[in-house]
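Q: If you read the sequences in order, they're chains F and U. Quick note on my numbering: the first sequence kicks off at 1 and runs consecutively. Quick note on my numbering: the second sequence kicks off at 1001 and runs consecutively.
Derived from the structure by calculation, the hints contain no laboratory data. Among the hints, a few may not be true.
Unchecked claim - Restraint ranges, calculated between C-beta atoms of paired labels, are given here:
(1) F:Ser-236 x U:Ile-1337: 56 to 66 Å
(2) U:Arg-1325 x F:His-333: 32 to 42 Å
(3) F:Glu-374 x U:Ser-1392: 35 to 45 Å
(4) U:Arg-1325 x F:Glu-106: 30 to 40 Å
(5) U:Ile-1316 x F:Pro-300: 35 to 45 Å
(6) F:Pro-300 x U:Glu-1379: 27 to 37 Å
What the hints assert, rightly or not - Example chain U residues on the side facing chain F (calculated, C-beta under 7 Å, incomplete):
(7) Pro-1210
(8) Pro-1211
(9) Tyr-1212
(10) Gly-1214
Predicted model, so just to flag it, every value in this text is computed and none were measured. By construction, the Cβ of each residue, glycine as well, lies at the ideal position given by its N, Cα and C atoms.
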Amino acid sequence: MRREVYLDNNATTPVAPEVVEAMAPYWREHFGNPSSLHRKGVEAERAVRVSRATIARLLGVKESEVIFTSGGTEGDNLAIKGAARALRRRGNHIVTTKIEHPAVLESCRDLEAEGFRVTYLDVSPEGWVTPEAVEAALTPETILVSVMHVNNELGTILPIAEIAERVKRRNPEIVVHSDGVQAVGKTRVDLRGVDLYTISGHKIHAPKGTGALIVREGIRLVPLFSGGGQERGLRSGTENVAGIVGLARALELMCENLEENLVRFRTLRERFLEGVRRLPGARINSPERSVPTTVNVSFPGVPAEVLLHALEEEGVFASTGAACASRKRRRSHVLEAVRLPPEIIDSSLRFSFSRYTTVDDIEWAVRALHRAWERLAVRSPARR
Amino acid sequence: MTHAILIRYDEIGIKGKNRPEFVRRLVENIRRATGLSKEEVQVEWGRIYLHPSGDPQKLCDRLAAVFGVKSCSVALVVPHELERICEAAVELARRAVARGARTFKIEARRSFKAFPMTSMEINRAVGRAVLHALPELRVDVHAPDVTIEVEVRSEGVFLCTERIAGPGGLPVGVAGRALLLLSGGIDSPVAGWMLMKRGVAVDAVYFHSPPYVGEKAKEKVLELGRILARWRADALTLYVPPFTEIQVEVSRVAPPPLWTILFRRFMHRVAERIAEQYGYGALATGESLGQVASQTMENLACVDAVTRRLVLRPLIGLDKAEIVRLARAIGTYEVSILPYEDCCVLFAPRHPETHARRERVEALEARLDVPRLVESALERLEIFSVTERDVSAVVASPST
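Work the whole structure out from these sequences, hints included.
A: Put into structure tokens, the structure is as follows:
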């Protein structure tokens, strides 16, 4: 079979065999509705409860603080719109950054249409926001701060615990949200001071359509959905029982041996960077302070999309920071926010690793990169 | 009372000696599009009747995509008895009243001369029955809200009120086969549709340039093929030769303004070879005169110079707005505007030559091994068979 090296794990991941195995009984045998009073319902309810306990333990929060959702987008929407709408009477100002996921940015735009004011903080060239900068943006009107934990395109780890501490010191009433979709299993998660934290299943080997929002005790949210009042009334809708079981199992796989996993990821990253540095002109965009699973690199002179397809021909899958559509390019708002020059953005590729990535995979990918580079850098008409 | 669908075709009704062939093809296309059995389709002079077991309205939707159909109607069928005819007419009138009609007329035609009444007599008798049953209706022979057509034919009497317009044109397949140069853009699918409308069985060729364009671009073209296949009643064959080598070689020897014209000359060469091998009488393109800088008369002539085959350009005199309107009606527009380019920007010069001189172009081509490049593209030709429901790769040649 043709070799495939999947290095687009920040986009989505394959479901782990252990996860599939854990989920299977909840589709076929224990398919009950957790709200049902009979045994079928009780079995399902127990699975949800046990999963909730697992997730709470792994993230260091209380069981009652885990709210199951359909994934990152829903979690971000529920956190931001839910908190802002609940706190409307206390103020109308929100602080976030320019490098958030669209689920956060678009939620903020929706709130602007409802009359909220939003400050979008600039970031450093590393994609970093200082706690001081966040503090400086606070006003007496501020009700919500949302800063992502790990950036999906660069891998930058943001200091959310420090930011939360600063914000709370200034005004303990301000709610702090963080999008942790790209963080869990890839860096230590310390939720001290963080009131709302979004996680997604399909980025950590659980299926698409699974996720959770951590909602700390005492935080009020206006729900997005009306219905049967499941999940403390914050997320109505029959629980995705199998998905919840899968999410918990995946989180176990990712977090239980986190230190060991991180060591392995760092080895992969070093190997990869070594190989990339041998390419003339290659520029590494990911900062030092980033998760070891994300490497963003530019290869000036070759459009990213072309390089992406050339790698694809060798079975290596990555993703681009800009899509070349006609003569207008749609550039990543993140890479623009860290002020990379256009030619660097247009030639940037993101490689993201997972627990299944091996050293062999990395070497294969590096060789493919070298071959593609030679072929395209020499023949590319871009030099005109 | 039973239902039947009455199909009218008129353009092909006047085609003299070719007529039996046209009708045979139309019936075959109707059967393919609707999935009806031979027994369910009845061919009469000037009309085709369907006697479906299923929902007649759904069949009418399918017929709206069968070229050669001028219009169709869902008809009530009754025996040759005046009383039954009147009952059916009253039923149709009642439905029309429910939709707000206030005036009507009866339009009878009698091709079955053994029926004892003339058309005029039928008009009067049926009209009286309707007026009697529905006193709120009035007769208006000039501009009625509803016309109840009564056709007395040997096999029974057919009554209908509404004509659902078909697409017109000629049945696909009566006017030969053409190979369409299909890009991911708005124009070429419309060009293919226009030819199908004139009875041409259209298959397509798409030039793919990995890694300069991705799989999504190819998928987009397959999707366009799928939409076009709806209009041709059977599978559309999509030929996909690789184009990368040609693009890279051309860009190596020629200045950017001439790339477009050189690429097109190569496309036509490769397409002609496919046409030869698989039996297509013409090539077809979506070009429209002067639409973009490269589509000038000089440039089109310079491209045509590489083949001896007829090149059909059905959009040649249309404006962009007209083409877009057609693309929307056909259903290809939404797919065409997806952002996956059929040609990488790297190979799209900023200022393409508008008046390419053949000598200059030929001199540049002399620096390339043209036959080898064409051959190499043909050797790696991929072939897909695309129907409205499915896309499959064809391993063996479909026809030789």
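Q: All hints are to be evaluated individually against the structure, with a verdict given for each.
A: To see whether the hints hold, each was checked on the structure:
{"no.": "1", "hint": "F:Ser-236 x U:Ile-1337: 56 to 66 Å", "in the structure": "37 Å, violated"}
{"no.": "2", "hint": "U:Arg-1325 x F:His-333: 32 to 42 Å", "in the structure": "35 Å, holds"}
{"no.": "3", "hint": "F:Glu-374 x U:Ser-1392: 35 to 45 Å", "in the structure": "36 Å, holds"}
{"no.": "4", "hint": "U:Arg-1325 x F:Glu-106: 30 to 40 Å", "in the structure": "33 Å, holds"}
{"no.": "5", "hint": "U:Ile-1316 x F:Pro-300: 35 to 45 Å", "in the structure": "43 Å, holds"}
{"no.": "6", "hint": "F:Pro-300 x U:Glu-1379: 27 to 37 Å", "in the structure": "35 Å, holds"}
{"no.": "7", "hint": "Pro-1210", "in the structure": "6 Å, holds"}
{"no.": "8", "hint": "Pro-1211", "in the structure": "3 Å, holds"}
{"no.": "9", "hint": "Tyr-1212", "in the structure": "5 Å, holds"}
{"no.": "10", "hint": "Gly-1214", "in the structure": "5 Å, holds"}
In summary, the structure is inconsistent with hint 1 from the numbered list given earlier, while agreeing with all the others.
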